Amino acid sequence: MDCLSKFINHSCDSNCRAEIWTVLGRERIRLVATKTICKDDPLEVDYRYPPLRDGGCQCGSDRCKYPSPKGLSPGGPNQP
976 MDCLSKFINH SCDSNCRAEI WTVLGRERIR LVATKTICKD DPLEVDYRYP
1026 PLRDGGCQCG SDRCKYPSPK GLSPGGPNQP
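976 is the number of the first residue of the sequence shown in this note's numbering; add one for each residue after it.
No lab work stands behind these hints: they were computed from the structure.
From a predicted model like this one, the values you see are computed outputs, not experimental measurements.
Glycine included, C-beta positions come from ideal geometry on N, C-alpha and C.
A hint or two may mislead.
[To be verified] The following label-pair restraints were derived from C-beta to C-beta distances: (1) A993 / D1037: 21 to 27 Å; (2) P1025 / G1000: 20 to 26 Å; (3) V998 / P1026: 29 to 35 Å; (4) L999 / P1025: 33 to 39 Å; (5) C1013 / G1035: 16 to 22 Å; (6) S980 / C1013: 26 to 32 Å; (7) T997 / D1037: 20 to 26 Å; (8) S980 / P1025: 36 to 42 Å; (9) V998 / Y1041: 29 to 35 Å; (10) P1044 / A993: 16 to 22 Å; (11) D1015 / D1037: 30 to 36 Å; (12) I1004 / C1039: 22 to 28 Å.
Using the sequences and the hints given, assemble the complete structure.
Right, dumping it as structure tokens:
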């Protein structure tokens, strides 16, 4: 079975947090809402590490902790 956590996006202003739990000897990820999440809202967690790319963070949040270098948009170098 595929890990559904691969569908959780990063945001510096996230709407949930991840917790690691051990269940029957296996590690599991539990998501806990930190804000109201409405239907069709993406699940977002703060990965809590600086982006490894030179483009900086691309979350687009006003609270971004790792903004893109001057001249690059939050959507990345190829985005308007």
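Hint numbers not upheld by this structure, sorted from lowest to highest: Result: hints 2, 6, 7, 8, 10 and 11 break, sorted rising.
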